[in-house]
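Undergrad: Given next are the chains, with one letter for each unit.
There are 6 protein chains.
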Amino acid sequence: MINPNTTAAMTEVIATAARSVARSDAEIVAVTSAFGPASIESHVDEAMAVPGLLGAISANPDADGYLVACFGDPGLDAARELAHAPVLGIAEAAMHLAAPLGRGFSVVTTLQRTIGRAADLVSHYGFDRQCRGIHACEIPVLDLDTNPDTADILAKACREALATDQSDAIVLGCAGMADLAAELSADLGAPVIDGVAAGVGMLSAMAAMGLHTGTASGEFATPPPKEYRGLPPELDPR
Amino acid sequence: MINPNTTAAMTEVIATAARSVARSDAEIVAVTSAFGPASIESHVDEAMAVPGLLGAISANPDADGYLVACFGDPGLDAARELAHAPVLGIAEAAMHLAAPLGRGFSVVTTLQRTIGRAADLVSHYGFDRQCRGIHACEIPVLDLDTNPDTADILAKACREALATDQSDAIVLGCAGMADLAAELSADLGAPVIDGVAAGVGMLSAMAAMGLHTGTASGEFATPPPKEYRGLPPELDPR
Amino acid sequence: MINPNTTAAMTEVIATAARSVARSDAEIVAVTSAFGPASIESHVDEAMAVPGLLGAISANPDADGYLVACFGDPGLDAARELAHAPVLGIAEAAMHLAAPLGRGFSVVTTLQRTIGRAADLVSHYGFDRQCRGIHACEIPVLDLDTNPDTADILAKACREALATDQSDAIVLGCAGMADLAAELSADLGAPVIDGVAAGVGMLSAMAAMGLHTGTASGEFATPPPKEYRGLPPELDPR
Amino acid sequence: MINPNTTAAMTEVIATAARSVARSDAEIVAVTSAFGPASIESHVDEAMAVPGLLGAISANPDADGYLVACFGDPGLDAARELAHAPVLGIAEAAMHLAAPLGRGFSVVTTLQRTIGRAADLVSHYGFDRQCRGIHACEIPVLDLDTNPDTADILAKACREALATDQSDAIVLGCAGMADLAAELSADLGAPVIDGVAAGVGMLSAMAAMGLHTGTASGEFATPPPKEYRGLPPELDPR
Amino acid sequence: MINPNTTAAMTEVIATAARSVARSDAEIVAVTSAFGPASIESHVDEAMAVPGLLGAISANPDADGYLVACFGDPGLDAARELAHAPVLGIAEAAMHLAAPLGRGFSVVTTLQRTIGRAADLVSHYGFDRQCRGIHACEIPVLDLDTNPDTADILAKACREALATDQSDAIVLGCAGMADLAAELSADLGAPVIDGVAAGVGMLSAMAAMGLHTGTASGEFATPPPKEYRGLPPELDPR
Amino acid sequence: MINPNTTAAMTEVIATAARSVARSDAEIVAVTSAFGPASIESHVDEAMAVPGLLGAISANPDADGYLVACFGDPGLDAARELAHAPVLGIAEAAMHLAAPLGRGFSVVTTLQRTIGRAADLVSHYGFDRQCRGIHACEIPVLDLDTNPDTADILAKACREALATDQSDAIVLGCAGMADLAAELSADLGAPVIDGVAAGVGMLSAMAAMGLHTGTASGEFATPPPKEYRGLPPELDPR
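Protein chains in written order, with UniProt numbering: chain A, 1 to 238; chain B, 1 to 238; chain C, 1 to 238; chain D, 1 to 238; chain E, 1 to 238; chain F, 1 to 238.
Extracted from the complex, chain A is given alone in its bound form (with noise of 0.2 angstroms):
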């Protein structure tokens, strides 16, 4: 489980929830990204979060899956060149637990100015008929732990968007509110999806059954070897 921001606080949390669903022969190593943007709240920190993320995985190369642990999925298809093992981010993990669950799901986010970036992903899922609405609640990543309105401003976003939407589930849209799906969910009346958990269940499901990314189309075989200027050394992920 890779948290691609630097902030060690927030891949605490994030730790915490993965545990609590793991499976008991399972073993959650949690790693903090050890370059890039302290949270990632725009395109730009996406970006630049990606390389540190990459890193993260080839220090890291005998897992059995890898989850990244940012409701942006950045860096997937990167990553599953470099690992051997699945690979899966929480917001894809998240979309697939929660479309079995409904008729449709309703996303409960960060700031607006995600929003954009949720809806690639949901097209780029197959999601676009199961996804009937993205929400910011406009309190930024990483205010989630010291608001003491989080979890209330939360519950209100999410009674309002099931209403809306006319949806059957939630999903939330940060590895931030990881520790709040269970209260939330008990408060809704309605399945809340974590993606980390999701990822956690997924990837062990995954495991358990063997799986690995396929490479028969040559897209995700090893990258060709290549030459890397002007970038530290300690930057590069091979």
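Think of the hints as simulated: they come from the structure by calculation, not from any bench. Do not take every clue at face value.
Interface residues of chain C toward chain B, partial, derived using beta-carbon atoms under 8 angstroms [as the list claims (entries may be wrong)]:
#	residue
1	Pro37
2	Ser39
3	Val44
4	Ala47
5	Pro51
6	Asp77
7	Ala78
8	Glu81
9	Ala83
10	Ala85
11	Gly218
12	Ala221
13	Pro223
14	Pro225
15	Glu227
Yeah, the Cβ is synthetic: ideal placement off N, Cα and C, and Gly gets one too.
Given chain A, put chains B, C, D, E and F in place with the hints provided.
TA: Just chains B, C, D, E and F now, kept in the frame of chain A:
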């Protein structure tokens, strides 16, 4: 786990596959439908299997998840109205796990005449882009177990599918192929996804997260009471 | 014309609507299903209605066309395997006639919980662009006939649908509304399409052209023989 | 029924096909356009045929339905503004009847260069999933009648289309093929849909139901008055 | 640049807008159609404008590109058969330039009744995801110039469109609005795309690259010779 | 114009192609990225090229438009947050110019493994219908210039693509092919679109119209300030 056909031998194959991937703390209850066709190879078979399937769900109200072990995913929406716990079909589960394992997947199923139903499911779940082809091996469901060439014929069909479709993974299109996934995967060097194992994995993830089918939009709330005429009482799912 | 629920009074409403639009040389045989729910208002009802529907088709092998008079269009693909003549559902027929009558149409149906099924049918038939909204009037199927305000409530729902959806036509979402189409159309000044009449018209066109369901791809060929276990013999559609 | 090209002999073929399927109480008025190309085999031909087509509709204001007998479905939206009664194109009508007759249909048309227009219509009407291929037989429109090999060439093209596309039905892509549908259907053992007959059938259904083009959204209301400059008065459709 | 309506004053507005963005080495020839409606505000107007438009293209065979200056993009495919150089419509050009300028754009057009045509074009060009709404300001085409409140009404409509649609850019839905783009853009603080300027820019790019309409598939090759009956010779585009 | 790989020789090829189509009043500034891979042929290469690309944009804040000269269109959304002027990728620009030049286009690119990324871009930009195939010529990026058979191999691949896909135009799938477009076009008799020239043309059009990336929805507004940890200061794009 419900085998919606009435062939107990096939339930055994499926249950073994399910147990081989289950968490140590999971109990797999495998149920053979009491009413309906010996195997499901047509739309008529599928329709006639649903009452028995719904009966089996009503008779087992306390499961943490229900897996419908037929690749046509019969009766899922009806099952979701009856069960509180999540319900998955094996086509649905297999496709959700296959999608993140590469650029695209191919389905290899039994008879040509079932391709239409599989294509409907692909579109319904949102995998039109990821599913690159559906191929028949022309072995009837109940012959999978007894035909000595099943493994070879399937391997050939899978290999051709990967090449023709430029895909990265194979989804097996019948619960009766569950025992062949590992061998095929090793043979092909590509991930081969059996929906039975995939369904057990996804339901385990959902159960660990405390998720259930959402009822906020009303569609999957308990159905209104209704008089059922002409049906033997043992067929009434309520 | 098969009413797949078991309420004979509703069959009468439907048959009258069918006969009012039929060609003078057409004979309308109206059949009430012998097995199943008194009305169809849930996925469970729909699933439990299909065996009776298939039985009714098998019992009437010589029709020139079959109309399934329930807006959920249950069992169409299975019916197509059993019948040589064309098979239509009333949702299918209504949408095919509504699409060429303007830029878009709205569906006005009975209960909110049936909207999901209607939306599935819209997508399945290819009318995602033409269908601009699906609205519930919250009158249960069997109350349509007895509620003195049915006509007013429906007219109000239709008027709001036309305005909200900027659509040009209304599709009525229940066979039990068949007798109200003409009055509603005059009231609204907009085309109101009842699927029963639409189905009779489309099947008449197909019959005059000598058309039947195609079997070239194999999907709708006669299903392979199959042992049906546990079912009372009168439920076996073959 | 309007033949939008100016070849009266072709109008005869079409009218005969139309009358052979019409209700006994239906009167078929077949009109040949007074202005435009002798046959329609290009976008230019199609554009130049529309003024004559609109004129023919204005000259016959009392029909209960209008069928535009050219597979490019020229001028339908404009015709809908001018006519109160419903307007159908033969491609539109054929596809609406073909869709419920199987999993998918293939179009067999005249010249390769018309395939693009047919593909646009398929998408516009919503049949991207049902239409599995569009094939040219390379016989020009006006040679269909005189080429002694037309029937054989078409039969071969249809047979190949069914096999290649794995489809269940054939849609004939030219009004000039109307007289060949029955023979082809018998020959192929598959439903062959001629749009002229399909259109007569659908318009008969609409007429029996009292349906007309809807004007609620305003798009198909009578167009605002407009000065037409430079056109000979006989070309002004109003 | 061809104004397909017959109002020369509007051609002047358009030509001025075109010249203000043209390369210094570009010559803009602005042609008013000789035949057809004074303005294009219905499907009938559009259909009746095409012969004159095609005539104008045939009369100017040596241009390096053709811009059809009406937002309904009439006759583009026919024009492409006649012209060797590229042909663009102003809706097409505006949408191609608007798409890369943000997450989504809104169209603000003249009359409500033209929204349907604009929506068809959006889908045809592939911008269903990027175009988030189409809005009418209810000013008729020929009043844009004379109504003293045009600028204010448009600004209000654009502002509401940006907010309602959560879009980043505005596409103006009429050639007659070409002179207002700069002022509106300054007023709104958002990019406002006029299709006339967009078309000049895209055609200049194509001309500099030596591009022309492709004919490899045969669809846009010179149309086969054809007898045109009943039309005055000056209307024959060949 | 930014070459996001670090090979200056390739920047020269691209700059020459750009200048050959630029307006006389346009100044082309060609920048080679200071950090990253020597060529971009994998998802990892692409991800590792983005920080250098963003740095190059920040270092050149006064351009009237930015062209990212790699067919994977890396980092566009991030670049749009940093730049006030419009930003285009060469795949994006090429597809926007290719779409109006015929019924469909084919992409001919370098390595098979890059096809998946190109397909993602096609869908993202809305060209699923227009793009009929993506083909690899299997020449690595840095060999395009030195392989004596590049022109022949490409011509053969283009010719096969036009025939197989029934397309009308070719889009070249690598900036390193920019110098071959004219020769290929003459050879094939079909339009061949190089994204570098296309991008220069589209950005010139946008600049002449005074257009910039819209920020009304907030997505492309200047990103919130953020602490970047562990990265060398010269890699921080702000």
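Undergrad: Going back to the hint list, which numbers does this structure go against?
TA: 9, 10, 14
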